[in-house]
Structures are given as structure tokens and as C-alpha cells.
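Listed below are the residues making up each chain.
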Amino acid sequence: MANVFPKWVNTIPIKVIAAITLLATAVVLGVTYYATPKYTRVGYAPTQPVAFSHALHAGQLEIDCRYCHTFVDRAAHSNVPATEVCMTCHSMVRQDDPQLAMVRDSYESGEPIPWVRVHAAPDYVYFNHAVHVNRGISCVECHGRVDQMEVVHHAKPLSMAFCLECHRNPEEYIRPPEEVYNLAWERPETKEYDEEAIAFVHDWKVNPPQSCSGCHR
Amino acid sequence: MRIFLIIYVFVIVATVTILGFRGSLSTKTPLEVFPDMDHQAKYKPQSENDFFRDRRNDRPIPAGTVARGNYLNQQAVFSEDFADKRLGDTALLEGKDAEGNFIAKLPLAVSYELIEQGRERYEIFCTSCHGSAGDGNGVTKPYGVLAASYHDDRLRNETDGYLYDVIMNGKGLMYGLKDRLSPEESWAIVLYVRALQLSQNAGADALTAAQRSELGF
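Those sequence lines, one after another, are chains A and B.
Remember, this note's numbering sits 276 above the position in the first sequence when you count from 1.
Remember, this note's numbering sits 70 above the position in the second sequence when you count from 1.
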């Protein structure tokens with residue numbers, strides 16, 4: 277009886293297995309690399325209606341974060357400042373600058389400036405700014421060095437893995453409460469400080485929730 | 071198999087070329103890979119609301135609104151023997167007595183904690199114009215802001231109530247800060263301003279003998 281299949285057919289199963297393996301590897305690698313907030317959100321730097329520079333205001337002029345984001349230490353939501361806050365200085369500073377025309381118009385008409393939101397947690401996440409900044413978690417941990425950004429960009433992934441990393445090891449991220457708004461603060465690389473941080477977590481009863489309902493409800 | 075490998079490599083190169091690498095800056099709105107329930111039909115602070123013509127979710131506060139709810143302890147407000155002592159307390163809220171004259175001394179008990187709270191709020195809201203020492207040399211001075219120095223006889227002899235009124239309602243070119251400070255915080259700043267004034271205008275005879283010898287008098 278003559279051969280029904282030619283000899284090369286014998287290699288088909290190996291080729292199919294190799295192809296599936298390669299495809300699966302590429303898809304898995306592609307999804308892990310591209311389908312997480314590390315890729316989708318980090319680096320998002322929208323063009324704002326007014327070219328406000330945090331590098332100038334917070335960095336060079338050393339204006340405290342809370343001058344504009346007034347309620348970050350008193351409320352869950354960290355507010356974008358009202359135009360009145362801009363005008364507190366800009367009614368005197370650079371009164372005729374064309375870049376500030378929209379700010380002046382907004383102040384006169386009462387129409388808010390349409391700032392573009394950069395950082396946004398999903399609606400099922402209940403993040404409270406006040407409890408974090410009042411317990412030694414600095415702005416910089418989630419927002420990066422905003423005081424060096426000409427245009428604010430999304431610096432950290434803010435994914436659930438990112439939150440849990442700190443919720444599981446708060447002593448690695450916590451800092452003295454008076455340094456929370458000092459974005460340039462560097463953690464001393466000493467054993468004493470590590471012990472201090474652990475003591476701080478204990479004494480201040482810092483007990484970050486790891487259960488679902490801690491952040492989702 | 072050769073054709074498969076060529077297509078495979080081509081697809082990977084094309085994907086990386088189009089999607090780029092993690093963390094590169096982009097002005098494009100972030101992709102949402104799994105948008106399940108990220109955007110829910112609920113209202114969050116400072117968000118948009120199509121119901122109102124100005125599309126603002128946070129409603130402007132009508133004139134004469136009295137703060138309540140979160141401003142006070144809700145459990146206390148709804149308990150049987152609650153009496154709102156703050157309401158109508160013109161000394162605390164306006165710095166004036168019943169006849170409308172500025173009160174001479176702040177209506178809160180003075181403590182070290184209150185001065186520290188005042189220092190914190192002063193350094194957020196006041197230093198950029200009035201300077202850390204209260205001498206009017208803030209970072210805005212080179213930009214043409216002429217802020218008052220606290221170290222002259224007029225301001226040393228003014229009442230606490232007057233200082234409180236200026237902080238809350240502004241004066242001349244200075245904007246009022248009553249949208250950003252609670253009455254208690256404002257009084258804490260008044261106390262800290264008094265401490266600053268004393269720091270620049272204290273006589274040697276106000277010190278103890280030990281302090282004088284330390285300074286070499």
C-alpha cells in the first residue's frame with residue numbers, strides 16, 4: 277500500500293506546537309506589558325487650558341501644596357483650586373500676561389477653568405487623601421516629583437498592585453508627618469531610621485486595610 | 071514555518087513601534103483596557119453634571135448659607151442636648167463683640183499646640199507674600215506684591231479681632247481666606263502673628279536672668 281501522507285507531514289505536530297507556544301508567549305508578554313496602568317496611564321500628560329507650571333510654583337517659589345490644594349489634609353477629595361486662589365496672587369502678579377487671560381476671564385465670569393484631570397481612580401475606589409497625608413504618606417509616593425514637572429504627568433501606575441505594595445509594607449514608605457509636603461525629602465538609609473519607621477507605624481496605629489472593603493464598597 | 075516566523079517577527083516589531091514603551095509622555099487620553107464600572111452614574115466632588123445648565127456638580131453656595139453637616143460632628147448635632155454655641159458667636163466667627171467692635175484678645179484658650187497649628191497654616195497661606203518672619207519679604211515681592219510687615223507700631227497695637235478680620239475678609243489688595251480657613255485656624259494664625267511680632271520686638275528685661283547671661287547681656 278502506497279503512503280497516503282508524504283513524509284513531511286510528520287513534522288506538522290511539532291511545528292504547530294512551536295507556533296502555538298510562540299504565539300501564546302507573545303500574547304502573554306504583550307498583555308502584561310501593555311494592558312496594565314504601568315503602560316496605559318503612566319506618562320499621560322494632557323495639555324491644560326492654562327500652561328500652569330508646578331515646577332515654577334511648587335518647585336522654584338516653594339509654595340506649599342496646600343496653598344492651592346487646600347483641603348487635601350482635611351477631606352477625602354484633594355481639590356483643584358478655584359480661580360479665586362489663582363487670583364489671590366495674580367490680581368497683582370503678572371496682571372497683563374496674555375497667558376493668564378483665561379484665568380482673569382474665569383474670575384470675572386464665574387465660569388470654571390476646564391482643567392483636564394490627570395489622576396483618576398476608578399469610581400469603585402474610595403481613596404481618602406486626608407488619612408494618607410496626615411499619617412506620613414507623602415504626595416510624592418503617588419504623584420511623583422510634581423514640583424519638577426513643567427506639565428504634570430501621571431508618574432505612578434496607581435493600580436491595585438501599587439496600592440497593596442504600600443498597604444502591606446507601610447514602614448517602607450512612611451515618613452515624618454512634617455516632611456509629607458517636602459517632595460525632595462530623602463529617606464535616610466540607616467538602620468535607625470528603619471526602626472523609627474516601624475515604631476511610627478506601631479505608635480500611630482497605622483493599619484492600612486488589605487481587605488476588599490477597605491477601599492471598595 | 072518560515073513564513074510564520076517572518077510574520078511573527080513583523081507583528082512584534084509593528085506592535086512595539088506603534089504602542090511604544092512604558093512611561094513615555096503622551097497627551098492622548100489613557101486607554102481603558104477593562105473599563106468595567108470605572109465610570110459609574112454617581113456624582114463625585116468637582117465633577118460634571120449634565121442636570122445643571124453650568125454643568126457643575128458642586129453647586130455655588132447661596133449667600134447667607136450656614137455651614138453644618140460635615141462641618142460639625144453629625145452625631146452631636148442630632149443628639150438631644152445639642153446647642154449650637156458657634157452660631158451667633160460673633161467673637162469666634164467674626165472677631166467682633168455684640169456691638170460690632172473688634173475684640174482685643176482671641177477667644178480661644180492659648181496653648182503651644184495652637185501656636186504650632188498657627189505656624190503650620192501661616193507657612194502655607196501667608197509666607198509667600200508676608201515672608202516667614204512676617205516682614206513682608208515673601209517670594210512674591212520681586213513680582214511686585216507689596217505685603218505689609220507686621221513689625222510696626224500700627225499692627226502691634228491693633229486688636230486681635232482686627233487681624234482676624236483681615237485674614238478672613240482681606241484688606242486692600244489682599245484677598246480674604248475665609249474660603250480656605252476655619253475660624254479656629256484663623257485664630258491660630260493670629261496667635262502666631264503675635265508670636266512673630268514678639269520675636270522681633272522683645273526687650274532684654276522680658277527674659278529671665280539665665281537667658282540673659284546666655285545671650286551675654
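FYI, nobody ran anything at the bench for these hints, they're computed from the structure.
Heads up, some of the hints might be wrong.
[What the hints assert, rightly or not] Partial selection, computed: residues in chain B whose CB lies under 10 Å from chain A:
| no. | residue |
| --- | --- |
| 1 | Leu95 |
| 2 | Val103 |
| 3 | Phe104 |
| 4 | Gly214 |
| 5 | Tyr232 |
| 6 | Lys241 |
| 7 | Leu243 |
| 8 | Asp249 |
| 9 | Gln281 |
| 10 | Leu285 |
Just so we're clear, the structure is a prediction, and the values are computed from it rather than from any experiment.
Even glycine gets a Cβ: it sits at the ideal position worked out from N, Cα and C.
Hint check, failures only: 5, 6, 9, 10
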